[in-house]
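> Here is how the chains run, residue by residue.
2 protein chains.
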Amino acid sequence: MTAKKILVMKFGGTSVETPDKIHQAAQRIKATFKKGYHVVAVVSAPGQMTDELISLAQEIVSNPDKRELDMLLATGEQVGIALLAMAIKARGIDAISLTGPQAGIVVDEFHTHARITHIRTSKLRQELHRGRVVIVAGFQGLNPREDVATLGRGGSDLTAVALSAVLKASHCDIFTDVRGIYTADPRLVPQARRIPRISYDEMLELASSGVQVMQPRSIEMAKKFNVPIRISHALDMQDTGSWIGEVKPMEEAVVTGLALDKNQVKVTLRDVMDRPGTAAELFTAIGQAQVNVDMIVQSAARGTTNDISFTVSREDLAPTLKILSSVQKKMRAGSVEKDPRVAKISIVGVGMKSHAGVAGKMFKVLADHRINIQMISTSEIKVSCIIAASQGKSALQLLHKAFFK
Amino acid sequence: MTAKKILVMKFGGTSVETPDKIHQAAQRIKATFKKGYHVVAVVSAPGQMTDELISLAQEIVSNPDKRELDMLLATGEQVGIALLAMAIKARGIDAISLTGPQAGIVVDEFHTHARITHIRTSKLRQELHRGRVVIVAGFQGLNPREDVATLGRGGSDLTAVALSAVLKASHCDIFTDVRGIYTADPRLVPQARRIPRISYDEMLELASSGVQVMQPRSIEMAKKFNVPIRISHALDMQDTGSWIGEVKPMEEAVVTGLALDKNQVKVTLRDVMDRPGTAAELFTAIGQAQVNVDMIVQSAARGTTNDISFTVSREDLAPTLKILSSVQKKMRAGSVEKDPRVAKISIVGVGMKSHAGVAGKMFKVLADHRINIQMISTSEIKVSCIIAASQGKSALQLLHKAFFK
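Top line first, the protein sequences correspond to chains A and B. Residue 219 in the working numbering sits at position 219 of the first sequence, and the numbers go up by one each step. Residue 167 in the working numbering sits at position 167 of the second sequence, and the numbers go up by one each step.
These are computed hints drawn from the structure, not numbers from a lab. Treat the hints with care, as some may be off.
Given that identical chains are not distinguished, each listed pair holds provided it fits within a single copy or across any two copies.
[Claimed, not checked] Calculated cross-link-like contacts (lysine-lysine; reagent style DSS-like; alpha-carbon spacing at most 30 Å):
id, residue 1, residue 2
1, Lys66, Lys123
2, Lys248, Lys223
3, Lys66, Lys35
4, Lys405, Lys353
5, Lys35, Lys248
6, Lys4, Lys34
7, Lys66, Lys34
8, Lys30, Lys66
9, Lys4, Lys123
10, Lys405, Lys393
11, Lys168, Lys5
12, Lys353, Lys223
Please construct the entire structure, taking both the sequences and the accompanying hints into account.
Now the structure itself:
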């Protein structure tokens, strides 16, 4: 391999959904290649193709076999890489598309949500060495049975970050339909500003607080292997975007960003016997069903019982209620209640560690505007509150005004 | 491997174009499996998917890179196999889909029209031995560069026949949208009858005379490896279809079937110098452009020149005219003329070899009805005439009446 730097460029589904956009992606790749980089481009399925393929499968059978679903879904990215490679070759730049299995991406056995176990880079390096742009299908790899398996949500980002790590890329460029990470969702808060640099930990907290630009699993991997990521808009060649990476302490902001998550449902199990192990039993059962519980509140005991409330994402509500109805009988607990009219509002910033009073200021702003806090959870660099969904947008605007003058 | 018989069942694009049809294919496979066969199903891309993918590529670039076009086209069959495998598994029958490369189909380097060089059957046999129905993507294989390559037109039939040969299948069942091979196209000749048995040679002649049920290359392979083929309708479980295979002499019909081909264009080069080697020079140039010339007529010499007419398929007209315009200058020949308003009508039957007078009877029927014969070509078991396209349908009906009382 020559000493040229490697750059991994990832194009999401919206960035390759039309011939025009594919040509723009090809143009950007050509420009980067001409600057002297080895380019590895990771591509998602164009537009809504993954969802369309899932619908197609569900027209056949409501719960399709997962190995076969992966065989089907893998075609989406394969269409994307072939089209992008054609567009690049048409510009006189040599390029080759590789499926996940061809690119040496090895995954475990869990169809539809496989994890990358390792990457065999010989083929990739060989093609780069030949002076080719290598276009890799995101979201997929080869499992120990030599079947194609997909990585689940955010899988293409994961492919891009993993390739950046093993190829020691100078950075990983994620092209998407937003201009970076903002202090709050600009559709809800017009005053929101772009965050030029953000640390992995802050980005992780924002991602798990409802900022959907990247999935937490990709950010975790980037942090583990120290891969700098840039998020920018696919169609704006001048966009400087937001950088995710190590941020030096001097730059630390007290509050980096705010997030509003409307995908939460609050579930309450009433009159649970107040004895040791009850909560453990409940949440073990829920955990076994692969449901992630976010926030938990246990009321003060009333006599021998108390109430347990927690939040789950909307997708997980049905399995959660199923488990609760069996747990309810077993524990002789009271009623099960659900409240979908909630939202989670979070403030995130590494500076919180050293600046007291951030949480207090947040609670005061909400209280001053009669926004009731139903649940609270905190980490070293985050404070989240569950509030009424109807107050979510105004809470976001008020907090943005309070923390970003 | 147990002593169970192997059956190869091939489902064309029209047979898997809707969820309903996929379920019917699955049902038929289940019934065959329950009868005690090892089943290998070969599947094409659903409906018009291959054409749609080609259009998609051409929206990117008018002449897409062939390796990348194959990467794109291969997704069509992959969608088909995944959906069919899901439908079979939903019926409680274990099934596994395999792409062409996974199924061990090894092809040569010619992207978009690769030839099968051999088949590694170990994976296929292993899966059959496990009691699984194996669903194989037609039309594709792995080339020496470990890239997927497609087999060109009729490729899925070729996959099915090749698998039948290497697995020594009891026969190859081709399910399509017609009920078999007919004495003439039933849409043009309502009196046409289904041919219950037809020899490889007769089927080859019909296929190259415009009967589009199967491509000649698949029939040639079936003949070479003596694979019996049954053609029947995908949606009619009771359909007995037509068998293609060795036919014993006792069964030989004088005329087996008629074919009308409207995909021909007659091209004439006027005033070519009448000296040895002229025709060879002309047709060598055309052959080098991969154009198949069908019929050739050279007029009697007028002084020192004559006219050369020949027919090519419509797809080949543009490259043919290009060659002719350069040959025309080089040979100092006269004008180039083309006539697309022609049709080729053919009668086929192995009995012709031993029955004189078939051609004479054909010419008389046409003459009696004032249908002018522009060109004639014959083989041991076929007579073809070029006539005016406007008279094609009535010629077919008249000849059918004359040969099938």
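> Which holds for lysine 405 with lysine 393 at a C-alpha limit of 30 Å: within a copy, between copies, both or neither?
within (18 Å within a copy, 84 Å between copies)
> Within, between, both or neither: how does the pair lysine 30, lysine 66 come out at a Cα-Cα threshold of 30 Å?
Between copies only: 20 Å across, 37 Å inside.
> Have a look at lysine 353 and lysine 223 and pick one of within, between, both or neither, based on CA distance no larger than 30 Å.
Within one copy only: 19 Å inside, 79 Å across.
> Which holds for lysine 4 with lysine 34 at a C-alpha limit of 30 Å: within a copy, between copies, both or neither?
within (12 Å within a copy, 60 Å between copies)
> Treating 30 Å as the Cα threshold, decide for lysine 4 and lysine 123: within, between, both or neither.
within (17 Å within a copy, 41 Å between copies)
> How would you classify lysine 168 and lysine 5 at a CA-CA limit of 30 Å: within, between, both, or neither?
within (9 Å within a copy, 54 Å between copies)
> Go through the copies and call it for lysine 405 and lysine 353: within, between, both or neither, with a Cα cutoff of 30 Å.
within (21 Å within a copy, 98 Å between copies)
> Checking lysine 35 and lysine 248: alpha-carbon separation at most 30 Å within a copy, between copies, both or neither?
Answer is within; shortest intra-copy Cα gap is 29 Å, inter-copy 71 Å.
> Between copies, within a copy, both or neither: which fits lysine 248 and lysine 223 at Cα up to 30 Å?
Within one copy only: 15 Å inside, 74 Å across.
> With 30 Å as the alpha-carbon cut-off, assign the pair lysine 66 and lysine 123 to within, between, both or neither.
For lysine 66 and lysine 123, both the intra-copy (28 Å) and inter-copy (20 Å) Cα distances are at most 30 Å.
> Have a look at lysine 66 and lysine 35 and pick one of within, between, both or neither, based on CA distance no larger than 30 Å.
between (43 Å within a copy, 28 Å between copies)
> Classify it for me, lysine 66 with lysine 34: is the Cα-Cα distance of at most 30 Å met within a copy, between copies, both or neither?
between (42 Å within a copy, 24 Å between copies)
Figure legend: structure checked against the earlier numbered hints; every hint is met.
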